[in-house]
Amino acid sequence: MREADININRVDWVTVLIYFALVLIGWFNIYAAVYDGQVDKSIFDFSINSGKQLVWIGTAIALIIVIMAADYRLFENLAIPLYIFFLILLVITPFVGKEVNGQVLSIGVGSFRIQPGEFAKFATALALAKFMERPTFDLSKPNFQLRAFAVLLLPVVLIILQPDTGTAMVYFSMLIMFYREGLPQKYYILGIGLIALVLLALGIENNLYLVAAVVVIVGILIAIGKKTPQRIIAFTAIGIGLIAFIYSLDFVVSKLPVHQQNRIMVLFNPDLDPLGVGWNVTQSKIAIGSGGLAGKGYLQGTQTKFDFVPEQHTDFIFCTLGEEFGWLGSLVVIALFVTLLTRLVIMAERQKNRFSRIYGYCVVSILMFHFMINIAMTIGLFPVVGIPLPFFSYGGSSLWSFTILLFIFIKMDSSRALQLGRMG
Amino acid sequence: MNDQRPVAIIIFIFLVGLVLLTKLFMIQVMDDSFMKRAERNAIQRVVDHPYRGLVYDRNGKLLVYNNPIFDLMIVPKEFEVGDTTRFLELFKISKEELIASYDAARKYSSVKPSTFIKQISTNEFARIQDFLIDYPGLFIMTRSVRSYPEPVAAHALGYIGEISSRQLERDSSDYYVQGDYVGLSGMERFYEDQLRGEKGVKYKMVNVRGVDKGPFKDGEYDTASVAGHNVNSSIDMDLQQYGEKLMMGKTGSVVAIEPKTGEILSMISAPFYDPNSLTGSDFGKNYTALNALETKPLFNRPIMATYPPGSIFKIVQSLIGLQEGILTPETTYACNRSLVACHNHPSPVNLFGAIRNSCNPYYHQAFRRIINQEVSSNTYKDTEIGLNAWREKVLKFGLGGELGVDMPNEKKGLVPNSAYYDHYYGNGRWKYSTIYSLSIGQGELLVTPLQMANLAAIFANKGYYYTPHLIRAIDGDKSKIPAEYQIKHEVGVDAHHFNMVQNAMAEALYGTAQRAIIKDIEVAGKTGTAQNPHGEDHSVFIAFAPKEDPKIAIAVYVENAGWGGRAAASTASLMIEKYLRDSISRPELEEYVIAGNFIY
Chain A
1 MREADININR VDWVTVLIYF ALVLIGWFNI YAAVYDGQVD KSIFDFSINS
51 GKQLVWIGTA IALIIVIMAA DYRLFENLAI PLYIFFLILL VITPFVGKEV
101 NGQVLSIGVG SFRIQPGEFA KFATALALAK FMERPTFDLS KPNFQLRAFA
151 VLLLPVVLII LQPDTGTAMV YFSMLIMFYR EGLPQKYYIL GIGLIALVLL
201 ALGIENNLYL VAAVVVIVGI LIAIGKKTPQ RIIAFTAIGI GLIAFIYSLD
251 FVVSKLPVHQ QNRIMVLFNP DLDPLGVGWN VTQSKIAIGS GGLAGKGYLQ
301 GTQTKFDFVP EQHTDFIFCT LGEEFGWLGS LVVIALFVTL LTRLVIMAER
351 QKNRFSRIYG YCVVSILMFH FMINIAMTIG LFPVVGIPLP FFSYGGSSLW
401 SFTILLFIFI KMDSSRALQL GRMG
Chain B
1 MNDQRPVAII IFIFLVGLVL LTKLFMIQVM DDSFMKRAER NAIQRVVDHP
51 YRGLVYDRNG KLLVYNNPIF DLMIVPKEFE VGDTTRFLEL FKISKEELIA
101 SYDAARKYSS VKPSTFIKQI STNEFARIQD FLIDYPGLFI MTRSVRSYPE
151 PVAAHALGYI GEISSRQLER DSSDYYVQGD YVGLSGMERF YEDQLRGEKG
201 VKYKMVNVRG VDKGPFKDGE YDTASVAGHN VNSSIDMDLQ QYGEKLMMGK
251 TGSVVAIEPK TGEILSMISA PFYDPNSLTG SDFGKNYTAL NALETKPLFN
301 RPIMATYPPG SIFKIVQSLI GLQEGILTPE TTYACNRSLV ACHNHPSPVN
351 LFGAIRNSCN PYYHQAFRRI INQEVSSNTY KDTEIGLNAW REKVLKFGLG
401 GELGVDMPNE KKGLVPNSAY YDHYYGNGRW KYSTIYSLSI GQGELLVTPL
451 QMANLAAIFA NKGYYYTPHL IRAIDGDKSK IPAEYQIKHE VGVDAHHFNM
501 VQNAMAEALY GTAQRAIIKD IEVAGKTGTA QNPHGEDHSV FIAFAPKEDP
551 KIAIAVYVEN AGWGGRAAAS TASLMIEKYL RDSISRPELE EYVIAGNFIY
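If you read the protein sequences in the order shown, they are chains A and B.
The first sequence begins at 1 in the UniProt record's numbering and counts up one residue at a time.
The second sequence begins at 1 in the UniProt record's numbering and counts up one residue at a time.
Calculated directly from the structure, the hints in this document are not laboratory data.
Please read all numbers here as calculations on a predicted model, not as lab measurements.
Among the hints, a few may not be true.
[As the list claims (entries may be wrong)] Cross-link-like lysine-lysine pairs, in silico, DSS-like; alpha carbons within 27 Å at most: (1) B:Lys36 with B:Lys112; (2) B:Lys217 with A:Lys41; (3) A:Lys41 with B:Lys213; (4) B:Lys202 with A:Lys41; (5) B:Lys245 with B:Lys61; (6) B:Lys36 with B:Lys77; (7) B:Lys462 with B:Lys396; (8) B:Lys213 with B:Lys112; (9) B:Lys92 with B:Lys118; (10) A:Lys41 with B:Lys77; (11) B:Lys245 with B:Lys519; (12) A:Lys227 with A:Lys186; (13) A:Lys98 with A:Lys52; (14) B:Lys411 with B:Lys260; (15) B:Lys217 with B:Lys202; (16) B:Lys412 with B:Lys488; (17) B:Lys396 with A:Lys52; (18) B:Lys202 with B:Lys77; (19) A:Lys41 with B:Lys260; (20) B:Lys547 with B:Lys519; (21) B:Lys204 with A:Lys41.
I would like the entire structure built from these sequences, with the hints used as guidance.
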């Protein structure tokens, strides 16, 4: 049984190739981000980030081999223990971890450090899969919904306490998985409506326009439908509720920490504070925007190379790509991500049991969120939140956690013939 | 389970990709403003200043060059001192100075270079050059300042200085920026366009803190600066130096011209100053000090001081009279001292005698005939017509207007016309008796020493002159000098009229200026004594030599030095001998002139 477990032919090579393509492009970009031109250091030089990243890549490959060699059932069995283990790590991190910029994100010994928040992602994904795999689990029912959310929210609360809002936000990407698993559509419509309203309320200077729009829409809805008193009262109540929401939003925003307020306001107008909070977004857009159609050429970028863009090798690594390879380079990388995500959806759908499928969708959800939000923030479509671009950004924790996340699923997928059909 | 949901998720994935790519297309392809902002961010334009052209004298001797000076720069973050004692010895500074300089540099920026030790000399630089490698964070920046091997011809050469905001506003060449150096006076200003060269541009990359990160695209867009043109001046450095020696301790001017070309051989404005004092960082301090002096050493007397020409003007009167046919060599007048004072000489005199003896009454009478030609029966009207007609002829001698020498701020002098007298006396209320002092070069007449020297050149040339100029060639090419210096100006008096005048001038030396006589060199000259209402008269002398083939024409003005035969004639004579023979046969005369101190 164990020998047959590693069946090379059943590994989804398309996904593996995209993974390596992204890791490789990312590695070259990390070198470009630190490349100086004056100090000619090789991409393999361990004193610079590209050399260190090579170590992370090497160890990630070792991890892949371990994962692929393991028994596929191992992850199912480990799901709950891992979840609990990482919850404990998250609890103790603030007490034993190392403080950087007011955040305590990592623990470890000496220079070997890991961020439990990163690894808790796949543990949570496994736990959710384990928790939801029972045939009786039905997300259309409120009590199951509550239980699923509880599993999700436990690590979120702990991560917010660190505080690492960006990573915490990632957990809500599981809503994509919940959607697939049958969470009623009305929640999504309501949610998207509210987000749109929030964005409009924050983006439009004068709330009166928005209030007028709400009044007009409610008026039209009342006018075109049946004019029963209940309906008129209901719509009017919704309208008043929305207007109250619009006005309370300003109050809520004003209660947020100043740096978060600024991030939100700068999104709508980066020129508000071009040297302060707007600096990152402005410089990031300059770097990417100056790349043009085909880019300035590898190692020719000036903005990223000369530190105009902060954190360019981690969260803002996409700037290096945009500057040096232009729109065509961005197109290639975005196409790789879109292909990878689509491929993962297809793979998830072909799983024979719910556990693997739910886990697959968790992988899709997490990668989707990172990909979408990271790039969106570098081009000013989203407030700056500190989350890495999967496989691309520099750093061991990030590369390892995404590699583990992805390859556990590839392993499950390659073993699907061995699994009993347990679809409910 | 709902089968549309996986499809919806795939559509969502594609939508996200599409939105991101659209936004990227907007900022990367549609909008090129980011490109410019990126360049402004990271690419710094550094101007490479060209070497200013050199100035040579007429014999190829260097007058002005660029002296490199070295500033030791420091980047505090990279700086490591190592062995402090050795460092202090090498750079010859104290420990306190080192700490103070380092702290000041750190305060400015720890990553950008700032000046550590200013203006290290070439010798010092040679000494420390090899050791610099031991000290990271230190490097040398080279600048250059104008320098003068001999401290001569300060006024003619002029000086350079930082361009003023007013000049910058008026400048239409688009060449200058704030902080640039520009010729402010003398040849430096006049030949600014030739001397300044072309600026080069280097594009270098800087990071977010302004730290230099090397050339942009390996210098693909860089342009090298082009050094300015070298200028060959017509000045004879030895003659200039000798003249300045003679004029030491005096106030006045010496202008020597090569008559055949109009080239200025020497141009002295006394008191003078060391041109090296108006260079580099001491410019402001020294300029203020020089400007405050009562002797006004910055005042460029040869072209800016105006004096009555005195008796020298009698030669111009003679020539106009001859050309008009009013005078002939035989025209004789009595030395009638009731008209105007004179000195002892035989009377009556003909024109030759009048020049030789500088007879005032002769010119009083001759000038009356030039002015009052009885064109009008009204004496007043007749004088007015006569004066204006006469003035036109005088102007042809290069008087009453700027000659156009290649220096800024040349003064016009004054040859009055009728309107001038109308202004003072009223229309029709003045006649010859009002203006007769013009006849002997006094009264309202004003000329510059340069105009006087030019007169001497006209007399030497028998009736023509080239606008006096300080330029001889540009980059060794004589044809490149401005066209106006290659035009021959005729003064409107026939050459043969000059013969007698020249002879009389040569003879005159034996009367009024015996000190000017040089053995075996025939000098033609004329003394003048310009009345000075403020003190001792100004000593004036013009001359040219050798009489038969004039090689030098000269005018000397020594303020407050009494009559022309003394200080001025002696100086001119020594200058002539120096130029023609390169040696002085009369050391006692030289001594006498040098000893003369006429500054009041």
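Verification of the supplied hints:
For the hint pairing Lys36 (chain B) with Lys112 (chain B), the CA-to-CA distance comes to about 24 Å; that is within 27 Å, so the pair holds. Of the pairs offered as hints, the one joining Lys217 (chain B) and Lys41 (chain A) holds, with about 19 Å between alpha carbons and a cut-off of 27 Å not exceeded. At roughly 15 Å between alpha-carbon atoms, Lys41 (chain A) and Lys213 (chain B) fall within 27 Å of each other, so this suggested pair holds. Restraint check: the Cα-Cα separation between Lys202 (chain B) and Lys41 (chain A) comes to about 25 Å, which is no more than 27 Å; the hinted pair holds.
With a C-alpha separation of about 19 Å, the suggested pairing of Lys245 (chain B) with Lys61 (chain B) holds against the 27 Å cut-off. Distance check on the hinted pair: Lys36 (chain B) and Lys77 (chain B) sit about 31 Å apart at the alpha-carbon level, beyond 27 Å; violated. The straight-line distance between the Cα atoms of Lys462 (chain B) and Lys396 (chain B) is roughly 14 Å, inside the 27 Å bound, and the hint therefore holds. Proximity of Lys213 (chain B) to Lys112 (chain B) is assessed by CA-CA distance (about 11 Å); at most 27 Å being required, the pair is judged to hold.
At most 27 Å may separate the alpha-carbon atoms for a hinted pair to count; Lys92 (chain B) and Lys118 (chain B) meet this at roughly 13 Å. Among the hinted pairs, Lys41 (chain A) with Lys77 (chain B) is consistent with the structure: their alpha-carbon atoms are about 21 Å apart, no more than 27 Å. Only pairs whose Cα atoms come within 27 Å are accepted, and Lys245 (chain B) paired with Lys519 (chain B) is accepted, the gap being roughly 22 Å. For the proposed pair Lys227 (chain A) and Lys186 (chain A), the alpha carbon gap of about 24 Å is at most 27 Å, so the pair holds.
Using a Cα cut-off of 27 Å, the hinted pair Lys98 (chain A) and Lys52 (chain A) holds, with the two alpha carbons roughly 20 Å apart. For the given pair, Lys411 (chain B) sits about 24 Å from Lys260 (chain B) by alpha-carbon distance, which is consistent with the 27 Å threshold. A C-alpha spacing of about 11 Å is found between Lys217 (chain B) and Lys202 (chain B), which places the hinted pair at or below 27 Å, so the restraint holds. Among the hinted pairs, Lys412 (chain B) with Lys488 (chain B) is consistent with the structure: their alpha-carbon atoms are about 20 Å apart, no more than 27 Å.
Distance check on the hinted pair: Lys396 (chain B) and Lys52 (chain A) sit about 88 Å apart at the alpha-carbon level, beyond 27 Å; violated. With a CA separation close to 25 Å, the supplied pair Lys202 (chain B) and Lys77 (chain B) stays within the 27 Å bound. Between Lys41 (chain A) and Lys260 (chain B) the CA atoms are separated by roughly 71 Å; this puts the pair beyond 27 Å, and the hint is violated. Restraint check for Lys547 (chain B) and Lys519 (chain B): satisfied, since their Cα atoms lie roughly 13 Å apart, inside the 27 Å limit.
Using a Cα cut-off of 27 Å, the hinted pair Lys204 (chain B) and Lys41 (chain A) holds, with the two alpha carbons roughly 21 Å apart.
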